[in-house]
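Since the structure of chain U is provided, determine the placement of chain Z on it from the hints.
Protein chains: 2
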Amino acid sequence: MCGGPKRVDRFPDIQDLESSLPPPAMEPLEIHKVSLPERKKTLPALKNGLGEVFFPDDPFYQYKNRSFLRKLVLAVQYFFPIFQWGSEYSLQLLKSDVISGLTIASLAIPQGISYAKLADLPPIIGLYSSFVPPLIYSVLGSSRDLAVGPVSIASLVMGSMLREVVSPEKEPVLYLQLAFTATFFAGVFQASLGFLRLGFIVDFLSRPTLIGFMGGAAIIVSLQQLKGLLGIEHFTTQMGFVPVMVSVFSHRTEWGWQTVLMGFSFLAFLLITRQIGMRRPKLFWVAAAAPLTSVILSTIFVFAFKAQNHGVKIIGHLQKGLNPPSANMLYFHGTHLGLAIKTGIVSGMLSLTEGLAVGRTFASLKSYQIDGNKEMMAIGIMNMAGSCTSCYVTTGSFSRSAVNYNAGSKTAVSNIVMASVVLITLLFLMPLFYYTPNVILSVIIITAVIGLIDLGAAVGLWKVDKLDFIACLTAFFGVLFISVQMGLAIAVGISTFKILIHVIRPNIAALGNVPGTHSYRDLEQYREAQRVPSFLILSIESPIYFANSMYLQERILRWVREEEERAGQMTESNIKCVILDLSAVTAVDTSGIGALLELHKTLQNRSMRLVLANPVAGVAEKLHLSQAWEKLGSESVFLRVSEAIDAVSYFLKSQQAQP
Amino acid sequence: MCGGPKRVDRFPDIQDLESSLPPPAMEPLEIHKVSLPERKKTLPALKNGLGEVFFPDDPFYQYKNRSFLRKLVLAVQYFFPIFQWGSEYSLQLLKSDVISGLTIASLAIPQGISYAKLADLPPIIGLYSSFVPPLIYSVLGSSRDLAVGPVSIASLVMGSMLREVVSPEKEPVLYLQLAFTATFFAGVFQASLGFLRLGFIVDFLSRPTLIGFMGGAAIIVSLQQLKGLLGIEHFTTQMGFVPVMVSVFSHRTEWGWQTVLMGFSFLAFLLITRQIGMRRPKLFWVAAAAPLTSVILSTIFVFAFKAQNHGVKIIGHLQKGLNPPSANMLYFHGTHLGLAIKTGIVSGMLSLTEGLAVGRTFASLKSYQIDGNKEMMAIGIMNMAGSCTSCYVTTGSFSRSAVNYNAGSKTAVSNIVMASVVLITLLFLMPLFYYTPNVILSVIIITAVIGLIDLGAAVGLWKVDKLDFIACLTAFFGVLFISVQMGLAIAVGISTFKILIHVIRPNIAALGNVPGTHSYRDLEQYREAQRVPSFLILSIESPIYFANSMYLQERILRWVREEEERAGQMTESNIKCVILDLSAVTAVDTSGIGALLELHKTLQNRSMRLVLANPVAGVAEKLHLSQAWEKLGSESVFLRVSEAIDAVSYFLKSQQAQP
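Each protein sequence line maps, in turn, to chains U and Z. Position 310 of the first sequence, counting from 1, maps to 310 under UniProt numbering, and the rest follow consecutively. Position 611 of the second sequence, counting from 1, maps to 611 under UniProt numbering, and the rest follow consecutively.
Isolated chain U, as found in the complex (with noise of 0.2 Å):
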């Protein structure tokens, strides 16, 4: 440690003038020097540093100073977070979780089935993939409030990139193969991100762009469901809107009109339900029971009226029994183990943003902490185990979970309440199912997915940032008009773009002093702030970097003429010096040093000082090791933007005192 506060020096180079000149009439002046932080040596900075990017929550601190033993139960209580919360277990959480269980259960029953069927899986898969990964999820996760299963996005993508490859029709087999393959690879993907601590890269898709990404998929989900919504029986295989809606309008002959009948009313009915729901918020069961209604009333009137001979579509036969295991059905090698390892990475992206999402939005809802690196984790195990026991991808749903927070659940409980409803719907109840409609589950999912279409969301951007509606703008229709997929890397490339933009093309604002302070700010901002002649202040807002230092400079020179001429109308003197206020410029690199010198030349060879004001700690630490500080001149780093006015002018004054 250097220790101690240093003597506030006074600035030396005007001592020398002091004591060899005339003193001016002025006040004494008052500078501070500018200090260096603590040099580090390289190897602790590097483990600083690291540390600061991939553990910034410090997850050891609990820690520091504990017994072994302590240290083990916190350990497994990390990573079984059900050991934390089940000791103070009480019979009244119970029964809220039992209520919350069962509500979510006969949402999940249905959804299941029919977010399957949108990934082109057979039906059963999504009742499978509502058993085991809730189970696990409900030891592993530290969200009290995340319903888990099958989700709509998700099922989409799944299915998108896979049928694009291999046929569900033609290849069955081969395809619930890669389903499987795909989903073990999301996992894998989700528990490396989050044991690598990697997990700042789901931030990556920004709020703006994944509300124009969920609002385009949800159309074009919608959209899907017209095949089942009209019955119709030669339905295109893309996913664009142009497509669906030329396949749509040239099957006119096969639109059914008992199933359009069926649908629409039933349509109707959950999208009152749901209004109801959204409406007063203890109603919520209105909402939450309806799917199932639907479902049962469905089944009961084609099954009374056999409609099934009437070109009403029916689900048939389903398999009773648990999750057989599907490990021997991962598929680690041939021609298409890329398009699995691709699909899972893109539909585990997705699927994790979902999950981390409401799990965050719920757990602030409540005032808990939900650790990303660990639910990541957490959903990473879920899928892979997943994998093996005949599920594809799952995460927390949003609509599923935002039921299962109003209907009061406490726990995790309420997943393994869920579970066991679907447990005994698998051993006993499928033939239930054998003579509902298709076009029932159409109906579901259009009525879950509606709520992805934030459309109050799309407004507030446009009224607080044109850039970022644009982007949820372009991400909207890069789903809708060109595929899913490249709406996904559309809304990544324009979030990056974003983070760039704003250091290729930084912002520069001209600073005067408020009046009655020692500040300089914005004049732009300030009206009252006033211009002190003789000087262009600066104030640089971004890193320094090689991406900006070209422009950088290029720019300062344009504002010195511009400031220039501006003077020269109001017949102010010429600009003598140009101060660069870095309190904003972060960080600085090797170009950018290198542009600050090219510009203090090019300022001198004008008769003109370049200084600048208040580095931050890593600036001037790069200033010094590069020799930049020596080569501007010591005289030309402050403290303040107002204590370099104060020398530069007394150092002025007393140049014109000389002869």
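Source of the hints: derived by calculation from the structure; they are not laboratory data. Wrong hints could be hidden among the right ones.
Capping the alpha-carbon separation at 25 Å, the derived lysine-lysine pairs in PhoX-like fashion look like this [said to hold, decoys possible]:
(1) Z:K41 - U:K466
(2) U:K40 - Z:K463
(3) Z:K41 - U:K631
(4) Z:K41 - U:K463
(5) Z:K631 - U:K463
(6) Z:K342 - U:K466
(7) Z:K40 - Z:K71
(8) U:K463 - U:K40
(9) Z:K466 - U:K631
(10) Z:K40 - U:K466
(11) U:K366 - Z:K601
(12) U:K410 - Z:K601
(13) U:K576 - Z:K631
(14) Z:K653 - Z:K33
(15) Z:K47 - U:K47
(16) Z:K576 - U:K366
(17) Z:K466 - U:K466
(18) Z:K47 - U:K463
(19) U:K463 - Z:K40
(20) Z:K342 - U:K342
Since we're looking at a predicted model, the values are computed, not measured.
Only chain Z this time, still in chain U's reference frame:
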């Protein structure tokens, strides 16, 4: 305009407090209002924003208030800089340009032949490429020192990319077609970058990664020359370090001692003259004349001793005559079009980077400006024209431009002189190269590319910035052990990642008061700075975006926890207020605002206040538009940290004063 300085308002909530409470014994508060920037309409704001992105240099500036004729003259001079300097050209300048032109011609002829061989093209293409492009550049280009012609890196990349798909031995015509087509697309790419004012894309090759990339490429190129240097017949077509070394040592029987002896003698000669040229800039002509001298000497030697009959391979017959037209050889359809476009873009990008860097370097040495976008168009048009006259990719070469500069070139006329010498060579001197041994071309290439390995710069990176050094090293090893394109991709990827990581994991500094000022600075940087009891003042050094909003929230809460622990150990009072200094937060998006509100809520639950200081214009505007300002409370945003502390202290004291 809202005009005029605003009244400096007192802090409203505090005023209310003052009237209702007995004034505590404190100095009066001096609080300034945080202003919003003037509200801009969407369209003008968009226009302004786009203008800053695409026209930062305000290129139409000089056309303002000029007559039409003057505008026309300026426009012609803009597009054809030759009309700018041409009118002031004198005999004195011509003398300098002739000397430097002759000097670079003596380099350009052997290098042209050598580089064409590096790209697996007929040697004559290298000479063609040293004739037309320099002439075009001398009319369009704005650099006075650039020596135009084929360069090593672009030749290497073009050769290695095309050879992966098409064999230059088996399908020479197709290969040549693809080379011209790639050159055409390189030109189109370069010119469009300039025309669309997207020059910043070139800045994405940061200096550290370029140093690594060029070092790696230089070694790859040198290794390829082992074929010629050792006289090996059956050489690998791969570029990587490992296959080349394997190939060299598995064909030891093919090494010819005559070739090796000749090669190493001339290599020693060239390296020594190179050293002389570098040590004594006045003797630059020794280094510059050495390659041509080697060619002449070795050719005479082979001719005299009939060395071609003793295993020394010679160039053989070269066609006499000027560049034949090749527009009919461009290939705009068929299976290899994608390859040609890809090769064009990659080699175009690399040659543009080299040309711009060389141009800027020498412009800075002579203190004149180069317009990047215009230069891109010049280089692009030059390559498009080149592709129609049997030339492949050309740009300003590092090595020859340095010689040009040292030889005293004054204007682009030196390029015209060089082209004239190449013209004479093409017309009359081609038979003289019949006996030139291939080994001498290899030696010339090795000597030329050795200068691209910049160990000193790498050491400098290590000293100033470890991350830059790692980026450099990764690009180096990527080129050496994976492939040239991969090395380039890695280089761009790392450069981009470096910008992103700075936003994903931003720096946060705890601030303290610098004694004797109202300034608050990083406690780690300024060891004299003092903590303010009951306050935690954090400066966030990055925009608050989707990519870090989750991180910042968690990290700030960890700061609070750690600070409370520290305060507990020092028996100080607890943290009552967290002040976020937003001076370095240069932007915020909807996710970032969400994070601030979330943090506000969390801290409130723990009886702490969240207060913001000094939001820049953009951030203040977003806080206002999203109504976050209101939600945080109007008494939560201050102009300066010191004012925030005064106001909150006042509030806390007056709370204590109450029962």
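Results of checking the hints against the structure:
The straight-line distance between the Cα atoms of K41 (chain Z) and K466 (chain U) is roughly 11 Å, inside the 25 Å bound, and the hint therefore holds. Restraint check: the Cα-Cα separation between K40 (chain U) and K463 (chain Z) comes to about 13 Å, which is no more than 25 Å; the hinted pair holds. For the given pair, K41 (chain Z) sits about 44 Å from K631 (chain U) by alpha-carbon distance, which is inconsistent with the 25 Å threshold. Distance check on the hinted pair: K41 (chain Z) and K463 (chain U) sit about 12 Å apart at the alpha-carbon level, within 25 Å; holds.
With a CA separation close to 17 Å, the supplied pair K631 (chain Z) and K463 (chain U) stays within the 25 Å bound. For the suggested pair K342 (chain Z) and K466 (chain U), the alpha carbons sit about 34 Å apart, so the restraint of at most 25 Å is broken. About 32 Å separates the Cα atoms of K40 (chain Z) and K71 (chain Z), which puts this hinted pair outside 25 Å; it is violated. Using a Cα cut-off of 25 Å, the hinted pair K463 (chain U) and K40 (chain U) is violated, with the two alpha carbons roughly 46 Å apart.
With a C-alpha separation of about 22 Å, the suggested pairing of K466 (chain Z) with K631 (chain U) holds against the 25 Å cut-off. Restraint check: the Cα-Cα separation between K40 (chain Z) and K466 (chain U) comes to about 12 Å, which is no more than 25 Å; the hinted pair holds. Pair hint K366 (chain U) plus K601 (chain Z) holds up; C-alpha atoms about 12 Å apart against a cutoff of 25 Å. Annotation: proposed proximity of K410 (chain U) to K601 (chain Z) holds, straight-line Cα distance about 22 Å (limit 25 Å).
In summary, the hint linking K576 (chain U) to K631 (chain Z) is not supported, as the alpha carbons are separated by about 44 Å, beyond the 25 Å threshold. Of the supplied pair hints, the one linking K653 (chain Z) and K33 (chain Z) holds, its CA atoms being roughly 22 Å apart against a limit of 25 Å. In summary, the hint linking K47 (chain Z) to K47 (chain U) is not supported, as the alpha carbons are separated by about 45 Å, beyond the 25 Å threshold. In summary, the hint linking K576 (chain Z) to K366 (chain U) is supported, as the alpha carbons are separated by about 24 Å, within the 25 Å threshold.
For the suggested pair K466 (chain Z) and K466 (chain U), the alpha carbons sit about 38 Å apart, so the restraint of at most 25 Å is broken. With a CA separation close to 18 Å, the supplied pair K47 (chain Z) and K463 (chain U) stays within the 25 Å bound. Taking the CA atoms of K463 (chain U) and K40 (chain Z), the gap is near 13 Å; set against the 25 Å cutoff, the hint holds. At roughly 24 Å between alpha-carbon atoms, K342 (chain Z) and K342 (chain U) fall within 25 Å of each other, so this suggested pair holds.
Hint compliance for this structure: hints 3, 6, 7, 8, 13, 15, 17 are broken, all remaining hints hold.
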